[in-house]
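Colleague: Chains as they are written, first to last, in the UniProt record's numbering: chain A, 1 to 383; chain B, 1 to 383.
In case anyone wonders, no lab produced these hints; they're calculated from the structure.
Where hints are given, some of them may not hold.
Pairs involving identical chains hold if they fit within one copy or between any two copies, as the list cannot separate such chains.
When the alpha-carbon atoms are kept at most 25 Å apart in a straight line, the in silico DMTMM-like pairs for lysine to aspartate or glutamate are as follows [to be verified]:
# : residue 1 : residue 2
1 : LYS263    : ASP373
2 : LYS127    : GLU298
3 : LYS127    : GLU157
4 : LYS263    : ASP380
5 : LYS263    : GLU377
There are 2 protein chains.
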Amino acid sequence: MSVTAAKGFTAAGVAAGIRSDGAPDLALVVNHGPRQAAAGVFTSNRVKAAPVLWSRQVLRGGRVSAVVLNSGGANACTGPLGFQDTHATAEKVAEVLGHNAAEVAVCSTGLIGVRLPMDRLLPGIEKAAAGLSAHGGDRAAIAIRTTDTVYKTAVVEGAGWTVGGMAKGAGMLAPGLATVLVVLTTDADVESAELDAVLREATRTTFDRIDSDGCMSTNDTVLLLASGASGATPDREEFAEAVRTACEELARQLVGDAEGASKDIRVEVVNAASEDDAVEVGRAIARNNLLKCAVHGEDPNWGRVLSAIGTTSAAFEPDRLNVAVNGVWVCRNGFAGEDRELVDMRYREVRITADLAAGDASAVIWTNDLTADYVHENSDYSS
Amino acid sequence: MSVTAAKGFTAAGVAAGIRSDGAPDLALVVNHGPRQAAAGVFTSNRVKAAPVLWSRQVLRGGRVSAVVLNSGGANACTGPLGFQDTHATAEKVAEVLGHNAAEVAVCSTGLIGVRLPMDRLLPGIEKAAAGLSAHGGDRAAIAIRTTDTVYKTAVVEGAGWTVGGMAKGAGMLAPGLATVLVVLTTDADVESAELDAVLREATRTTFDRIDSDGCMSTNDTVLLLASGASGATPDREEFAEAVRTACEELARQLVGDAEGASKDIRVEVVNAASEDDAVEVGRAIARNNLLKCAVHGEDPNWGRVLSAIGTTSAAFEPDRLNVAVNGVWVCRNGFAGEDRELVDMRYREVRITADLAAGDASAVIWTNDLTADYVHENSDYSS
Chain A
1 MSVTAAKGFT AAGVAAGIRS DGAPDLALVV NHGPRQAAAG VFTSNRVKAA PVLWSRQVLR
61 GGRVSAVVLN SGGANACTGP LGFQDTHATA EKVAEVLGHN AAEVAVCSTG LIGVRLPMDR
121 LLPGIEKAAA GLSAHGGDRA AIAIRTTDTV YKTAVVEGAG WTVGGMAKGA GMLAPGLATV
181 LVVLTTDADV ESAELDAVLR EATRTTFDRI DSDGCMSTND TVLLLASGAS GATPDREEFA
241 EAVRTACEEL ARQLVGDAEG ASKDIRVEVV NAASEDDAVE VGRAIARNNL LKCAVHGEDP
301 NWGRVLSAIG TTSAAFEPDR LNVAVNGVWV CRNGFAGEDR ELVDMRYREV RITADLAAGD
361 ASAVIWTNDL TADYVHENSD YSS
Chain B
1 MSVTAAKGFT AAGVAAGIRS DGAPDLALVV NHGPRQAAAG VFTSNRVKAA PVLWSRQVLR
61 GGRVSAVVLN SGGANACTGP LGFQDTHATA EKVAEVLGHN AAEVAVCSTG LIGVRLPMDR
121 LLPGIEKAAA GLSAHGGDRA AIAIRTTDTV YKTAVVEGAG WTVGGMAKGA GMLAPGLATV
181 LVVLTTDADV ESAELDAVLR EATRTTFDRI DSDGCMSTND TVLLLASGAS GATPDREEFA
241 EAVRTACEEL ARQLVGDAEG ASKDIRVEVV NAASEDDAVE VGRAIARNNL LKCAVHGEDP
301 NWGRVLSAIG TTSAAFEPDR LNVAVNGVWV CRNGFAGEDR ELVDMRYREV RITADLAAGD
361 ASAVIWTNDL TADYVHENSD YSS
């Protein structure tokens, strides 16, 4: 159901011929109101794709009536003409739907540095608009995939209202502020300033804490649209928790489908002096290629965890560090602890716990192992 | 000739049985003076191995009479008993040679988190001392290898004096201050404060600018010993240039032998607002796994270069960035430039030039591609 689980939304996904393999590549999500409130967070990469520059401007108004998304091309690093392509895309959606282009958000994903085939994309918008349906959420989620092997959706039910969403992403997965392409919808009656606060807090502890391959995209976008069609004004805390849960479910699906990965690694940093310290250490561990190789080889290599922690500025003493792999404390007080033979790493999920013994803050970062398949996929595919 | 190219030094390399494969694993370098001046730089990883903690203390005195180095074990994350092992190693060298233990530097490399087999290491010191020779430099260089496929040495001749050296290193190759194990010797008559200044400047632009796999070791050590045996006091600039050249040659050999690599990548950042900016950008490019995969696939993927630059805090405007691969400017003003088909990437060395158009500072960072062989080597080998 994804983005059409909430009342007041229709969606469609079609094959416009942007992708050379003929797969669905164009999605449209429309908010029929009565409210058209919206919030968005975007990549903190300073090299931003044209659709990010455009949509960031649209979101400043706090209103989005429709979102058009394409795979098959990121429209990043395409210069002024690339920006004109994004503008023309929004104008076309506005024309077909009778909307205002300044309220149409645009998202693109795929190859960097290549112009979009506008002669296919614009007719595709007409086709998508003709196919809009209150049951079109899954088709939209399918159309935004690139190297994703599965489509990703989530639905969270509230008291008389619903939050639904879809996401794409499998590589270049290390958000700075947001990640990949995500559209969340709700029929709750919430104004844009509150949507914005809720979305920023939700992404901060979900998408922002995935670090699959350390590479930040030029196109990351997360949008949250509210139609108010349920007529229900939710409790603020309940609504924030629902949005956070939807983000967490989608983020978890992104890690589970990361390019070439054979393991999902949950890096939990505990007893840090601050949450910033915990995130810095978690990210340093998650980005350590040698550790990621070791996990691939099912080797509970705590020495590589310690050498990663040692590169950070977090508060800790080397001789008080403890590390557990899948619950076995293989490193205590900075040197060998329990027998590493006790660690069972056969399953896809691997849990690494780093205890800094410096306070009571914590954070969880999700990453993947580094595999020969990742190398093969990214040696062959220009993106 | 390595560390025995300069007059006043003897060296040896023996198989002490520390490595399970029976390969040479213990090296000894002795400075016979008349001067015994020394300087050293060490890893900036905050998790430091016992021999780093010991040798850093030794170097504070500015005098080193001997260096003992072992492969087969890093003696990192081994707690107080590991430090006692390093201390006992220095005491043994002092006893055998009739030196002061406080002037014996110790270096170790190999597995993290495992105690050294002192019952083999200590007799190995006696064996090495018995084999000391003015022609022992190569044997010492051979004995400090771990996954290195070749041994690495360099010799630079000055006006009546010589700088020689040896290095080991193939993985965990991303120094913060220094890298891996390196011993440089000279027979020039130079006092320790000048050695220190010359060595810091030389490593700053050589070893510090290798970033093979983004992983910083717990054991990185670079030592420079001066015997004064030539009787020649060199010109300061000439001496600094000789040390820098020796460091550069060894650094280049480290990149050329990096684990699993099929390409050596020279990332040059030009027209940066400051040298710090140039280094930050060069390192971000060098650490981008997706780009490293693309280079492995001989794909001149400038989009991944731009997305890496975009994660930095350096001064630049996205629409003024230029990128060349092997001399072909495939990206100009932030979008597609010359035809990427013109780029020939068949050879081992690949040159990436990033023009920030923001000033006149520059820097070169060396890295390697990311390969399936790197993954295999580091999934199978605990280090």
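Colleague: Hints numbered earlier in the text: which of these fail when held up against the supplied structure?
Modeller: 2, 3
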